[in-house]
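Engineer: Residue strings, one per chain:
Number of protein chains: 2
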Amino acid sequence: MYIAHPYLLFIGDAPDDLAAKTAQGIADWRPEWCLGQMRLPGCKADLKLPDMTIADAAAKGAKTLIIGVANAGGVLPESWSPMIVEAIERGMDVASGLHSKLTTLPEVVKAAEKHGRLLHDVRHPTQEFATGKGKRRSGKRLLAVGTDCSIGKMYTTLALEREMKKRRMKADFRATGQTGIFIAGSGVSIDAVVSDFVSGAVEWLSPDNDADHWDLIEGQGSLFHASFAGVSLGLLHGAAPDALIMCHEPTRKHMRGLPHYPLPDLKTCIDTNLQLARLTNPDVKMAGIAINTSKLSDNEAKSYLAKLESEYGLPTVDPVRTGVGKLVDKLQAW
Amino acid sequence: MYIAHPYLLFIGDAPDDLAAKTAQGIADWRPEWCLGQMRLPGCKADLKLPDMTIADAAAKGAKTLIIGVANAGGVLPESWSPMIVEAIERGMDVASGLHSKLTTLPEVVKAAEKHGRLLHDVRHPTQEFATGKGKRRSGKRLLAVGTDCSIGKMYTTLALEREMKKRRMKADFRATGQTGIFIAGSGVSIDAVVSDFVSGAVEWLSPDNDADHWDLIEGQGSLFHASFAGVSLGLLHGAAPDALIMCHEPTRKHMRGLPHYPLPDLKTCIDTNLQLARLTNPDVKMAGIAINTSKLSDNEAKSYLAKLESEYGLPTVDPVRTGVGKLVDKLQAW
Chain A
1 MYIAHPYLLF
11 IGDAPDDLAA
21 KTAQGIADWR
31 PEWCLGQMRL
41 PGCKADLKLP
51 DMTIADAAAK
61 GAKTLIIGVA
71 NAGGVLPESW
81 SPMIVEAIER
91 GMDVASGLHS
101 KLTTLPEVVK
111 AAEKHGRLLH
121 DVRHPTQEFA
131 TGKGKRRSGK
141 RLLAVGTDCS
151 IGKMYTTLAL
161 EREMKKRRMK
171 ADFRATGQTG
181 IFIAGSGVSI
191 DAVVSDFVSG
201 AVEWLSPDND
211 ADHWDLIEGQ
221 GSLFHASFAG
231 VSLGLLHGAA
241 PDALIMCHEP
251 TRKHMRGLPH
261 YPLPDLKTCI
271 DTNLQLARLT
281 NPDVKMAGIA
291 INTSKLSDNE
301 AKSYLAKLES
311 EYGLPTVDPV
321 RTGVGKLVDK
331 LQAW
Chain B
1 MYIAHPYLLF
11 IGDAPDDLAA
21 KTAQGIADWR
31 PEWCLGQMRL
41 PGCKADLKLP
51 DMTIADAAAK
61 GAKTLIIGVA
71 NAGGVLPESW
81 SPMIVEAIER
91 GMDVASGLHS
101 KLTTLPEVVK
111 AAEKHGRLLH
121 DVRHPTQEFA
131 TGKGKRRSGK
141 RLLAVGTDCS
151 IGKMYTTLAL
161 EREMKKRRMK
171 ADFRATGQTG
181 IFIAGSGVSI
191 DAVVSDFVSG
201 AVEWLSPDND
211 ADHWDLIEGQ
221 GSLFHASFAG
231 VSLGLLHGAA
241 PDALIMCHEP
251 TRKHMRGLPH
261 YPLPDLKTCI
271 DTNLQLARLT
281 NPDVKMAGIA
291 INTSKLSDNE
301 AKSYLAKLES
311 EYGLPTVDPV
321 RTGVGKLVDK
331 LQAW
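Taken in order, these protein sequences are the chains called A and B.
Quick note on numbering: the first sequence equals residues 1 to 334 in this note's numbering.
Quick note on numbering: the second sequence equals residues 1 to 334 in this note's numbering.
Think of the hints as simulated: they come from the structure by calculation, not from any bench.
Any given hint could be a false lead.
As the list makes no split between identical chains, a pair holds if one copy fits it or if it spans any two.
Straight-line distance between alpha carbons at most 25 Å, and here's what the computed PhoX-like set of lysine-lysine pairs gives [claimed, not checked]:
| # | residue 1 | residue 2 |
| --- | --- | --- |
| 1 | Lys253 | Lys133 |
| 2 | Lys135 | Lys253 |
| 3 | Lys101 | Lys63 |
| 4 | Lys135 | Lys48 |
| 5 | Lys330 | Lys285 |
| 6 | Lys295 | Lys21 |
| 7 | Lys170 | Lys285 |
The model shown is predicted, which means the values in this text are computed figures rather than measured ones.
With the hints as constraints, model all of the structure from the sequences given.
Structural biologist: Here it is, written out as structure tokens:
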């Protein structure tokens with residue numbers, strides 16, 4: 001799967017910014033790929049991109065219409081069919097991050113076949129993967145892990161890529177979730193892979209590379225999340241990371257979706273990730289800590305980061321507040 | 001999915017006993033469900049059951065034709081279609097453990113629709129599962145874990161069920177792999193479940209039960225298997241076991257399928273399973289150790305089991321050589 005750009009981002013009638021967060025992520029991280037946004041009447045989200053019709057975007061060379069909006073139940077409404085068909089007729093591929101597939105809309109399937117365009121359902125891997133082999137690969141790998149889901153792993157990894165490219169290091173973000181896939185233009189939605197093939201899929205996603213090249217692999221879930229720890233472990237083993245970044249949000253009260261589970265303490269979470277990662281890469285080390293301090297004041301954030309830094313002896317950043325320069329310094333010297 | 005019995009076991013032209021090991025497992029553990037075997041010319045395996053045609057088995061009341069043979073590549077040859085269709089016409093459901101689905105044979109699908117019979121592809125879960133919730137359930141749970149794949153987890157669990165039922169304890173084997181599913185008549189092929197839903201599928205498989213009831217859950221893989229550890233962890237978290245049995249084969253040289261990986265030592269493997277199991281059941285304890293001593297002499301086996309027993313302070317058995325009575329003694333006093 002390779003999603004051609006530039007993109008037209010469709011956010012429908014998103015009731016708020018949160019419903020358009022996939023599209024917002026793309027606009028934030030790949031502004032150069034985003035020609036414009038398309039909104040329906042009543043849309044409350046705004047990506048601050050030019051509003052365009054399908055015809056406008058096609059005229060400007062849009063290659064893919066991205067359905068970048070979260071609907072209740074992940075459903076693709078039949079009423080969007082004519083708009084999607086028009087995009088296809090005007091030469092665009094279509095990519096959706098919804099649970100319900102583009103291929104469930106018969107008009108869309110017919111149009112794609114007729115015009116030879118691609119339909120990407122990025123949550124549904126079409127690739128067949130082998131089981132993981134656990135063999136060392138050339139090149140270097142970093143994996144973002146976390147105390148919980150939705151705690152900054154993708155953001156941190158993308159910030160690292162941006163900073164490393166700025167320093168002319170060889171680095172590639174490797175996407176394992178839907179928003180990441182739109183941003184990378186390719187990847188594997190790892191939580192949708194059949195369990196037997198999770199580590200194999202990550203090995204496929206991050207093959208042999210130059211000795212001085214870094215794959216920056218997007219983590220998923222947490223080893224301490226009762227729903228998804230198995231996904232996180234398969235990803236950890238397949239990634240066989242040389243370097244781990246631990247992501248955390250210090251004010252979160254419980255594991256996402258599980259009010260009866262507290263977050264693990266940072267030390268336990270770091271130790272357990274290192275311990276289990278050693279199976280496929282005995283040389284794994286921590287590269288640093290990335291904290292989402294958005295709920296702390298400037299002073300609180302500063303002293304919290306400083307405290308962790310001295311406690312763990314690791315560069316500790318908030319990718320938004322401080323940038324990830326300190327982490328990249330460490331990777332440059334790896 | 002519920003597979004109706006009695007069964008007719010089809011083993012085709014199996015070139016050796018190994019190719020018929022699924023059917024052999026059913027014949028060993030559910031002899032009362034097995035009316036007979038059906039073999040094609042050239043078959044080298046023998047389940048020591050009466051040879052029957054489809055017509056014979058139907059006349060004796062067979063409810064399901066079981067395709068219990070491993071083919072190269074897991075393929076279902078077109079040439080078996082007429083035989084399967086005959087079974088359907090004579091009133092049987094059909095259940096297959098092969099990778100390629102019964103539903104890929106158009107004649108078979110047509111016959112099943114016409115006669116209202118069920119086609120069970122036990123490697124391909126059709127059920128939709130929720131994500132795991134990590135909530136405590138009533139009743140007691142035991143999970144067999146192991147240092148490696150194919151190391152006696154299913155055999156040990158089934159031996160426990162047999163012994164516990166003999167002692168009139170409330171106990172049910174819960175199948176997580178294809179052979180186990182044929183033996184239980186239901187279950188979930190856990191390595192074929194989409195990774196996000198593995199722990200949820202195990203929660204579904206082992207729901208609330210009487211306080212004195214034991215679910216005996218078949219383990220899969222190993223936390224130390226680089227290909228499948230994620231599956232094992234999702235299974236461990238979903239099972240939320242009160243009791244673990246560690247399974248091991250002391251002469252095995254390397255992890256199955258991974259010649260570059262040695263087996264973990266028993267102590268590390270026990271400690272890691274307990275450590276990770278505590279996330280969803282903080283009260284988890286080891287119930288004992290089950291060793292496959294088939295490659296040791298009587299004396300070697302005896303002294304090896306005695307050594308482990310004193311080293312770990314846990315009842316240690318070989319389910320084949322010594323039976324599992326000692327383990328059940330411990331579970332009776334749980």
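Engineer: Does the structure break any of the earlier hints, and which numbers would those be?
Structural biologist: 4
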